[in-house]
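Enquirer: Using the sequences and the accompanying hints, generate a full structural model.
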Amino acid sequence: MSARIGVVTFPGTLDDRDASRAVALAGAQPVELWHGDHDLHSVDAVILPGGFSYGDYLRCGAISSQSPIMTEVVAAANNGLPVLGICNGFQVLCEAHLLPGALTVNEGLHFVCKDQRLRIESTSTAWTNAFDQGQEILIPMKNGEGNFVADEATLDRIEGEGQVVFRYVGGNPNGSRRDIAGLRNAAGNVVGLMPHPEHAVEELTGPSLAGLDIIASVITALADGQVPA
Amino acid sequence: MARVVVDVMLKPEILDPQGRAVKGALTRIGLAGVADVRQGKQFIIDLDTEVDDAVLAQLHELAADLLSNPVIEDYELSVDVFGGEQAHPDHTGTAVGASSDAVVK
Chain A
-12 MSARIGVVTF
-2 PGTLDDRDAS
8 RAVALAGAQP
18 VELWHGDHDL
28 HSVDAVILPG
38 GFSYGDYLRC
48 GAISSQSPIM
58 TEVVAAANNG
68 LPVLGICNGF
78 QVLCEAHLLP
88 GALTVNEGLH
98 FVCKDQRLRI
108 ESTSTAWTNA
118 FDQGQEILIP
128 MKNGEGNFVA
138 DEATLDRIEG
148 EGQVVFRYVG
158 GNPNGSRRDI
168 AGLRNAAGNV
178 VGLMPHPEHA
188 VEELTGPSLA
198 GLDIIASVIT
208 ALADGQVPA
Chain B
1279 MARVVVDVML
1289 KPEILDPQGR
1299 AVKGALTRIG
1309 LAGVADVRQG
1319 KQFIIDLDTE
1329 VDDAVLAQLH
1339 ELAADLLSNP
1349 VIEDYELSVD
1359 VFGGEQAHPD
1369 HTGTAVGASS
1379 DAVVK
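The listed protein sequences correspond, in order, to chains A and B. So the first sequence is residues -12 to 216, counted in my numbering. So the second sequence is residues 1279 to 1383, counted in my numbering.
Read the hints as simulated data drawn from the structure, not as lab findings. Take the hints with a grain of salt, since some may be wrong.
[To be verified] Here are some chain B residues pointing at chain A (derived, C-beta under 10 Å): (1) 1292; (2) 1294; (3) 1305; (4) 1309; (5) 1335; (6) 1336; (7) 1339; (8) 1343; (9) 1345; (10) 1347; (11) 1348; (12) 1349; (13) 1350; (14) 1351.
No residue lacks a Cβ here, since even glycine has one placed at the ideal position from N, Cα and C.
Expert: Dropping the structure here:
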């Protein structure tokens, strides 16, 4: 029985179809989840995909973080459910306090869209166990508000506790503090990143197949019982 | 009836590209000596209910957690009571300093 991975659609989400496609290509079963439901449909993991949920009104991810489905996602994540937030999904995770810090406007003031090299800084997460520590991957990024900020004490703490999962290499594209591209929570079941692994799952359209390894990681984590199903 | 006004500003250390763009425009069209411009948001919330301590506490909670993000923003909250009885004097005018301080780490 293949892993059932929920993909949440908020109003204004763009990449839910791509995320579901990535899940299917990696051999798991995508399950559509709706922002207005209080129901996770017994999925084994959840992806919060990219886009401009609620039009980025108020702040990116702020209104989504208060949606009915997020009440369920937050409770389940605190019980160990693997959750991956991509781009806008990462912003939602920060706004929902599942991850520390915040994402704000890019330092260069431009929307940045390019293939981006990242270094895997933590493999002890539900979403990165298929990689090697220090491995570099190339996946697309596309954001206007991907500038990760937190106060120095928080940055020192998350660095010290190994919560940085992805770091930009070959130049910082948006001014993120300490080149941070993605984070995990303390337990390692919740991961958020600005670049888009779901767009790196086929040779025809992506710069690599690294996105498949993200999904493969959670399938492994679920099979190993590292996280409660 | 009460009018609650919440002003939200980016913390001083957070880049404000909108403020920077406005600063450039003000200078360009002839205003001399523009040292800095910061742009913020204002929320005006009209309530049909009385603002007692519990409501005030709830308003502060929402201002700190939804209307602003304490990682990057500070807020100031004021309550004006109009019509009917006056609420507790603490709830009128601008009870600003304390509320703003409350979200500064």
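Enquirer: Determine for every hint whether it applies to the structure shown.
Expert: Hint by hint, here is what the structure shows:
no., hint, in the structure
1, 1292, "6 Å, holds"
2, 1294, "8 Å, holds"
3, 1305, "17 Å, violated"
4, 1309, "22 Å, violated"
5, 1335, "18 Å, violated"
6, 1336, "15 Å, violated"
7, 1339, "13 Å, violated"
8, 1343, "9 Å, holds"
9, 1345, "7 Å, holds"
10, 1347, "5 Å, holds"
11, 1348, "9 Å, holds"
12, 1349, "4 Å, holds"
13, 1350, "5 Å, holds"
14, 1351, "8 Å, holds"
Of the numbered hints stated above, those contradicted by the structure are hints 3, 4, 5, 6, 7, listed in ascending order.
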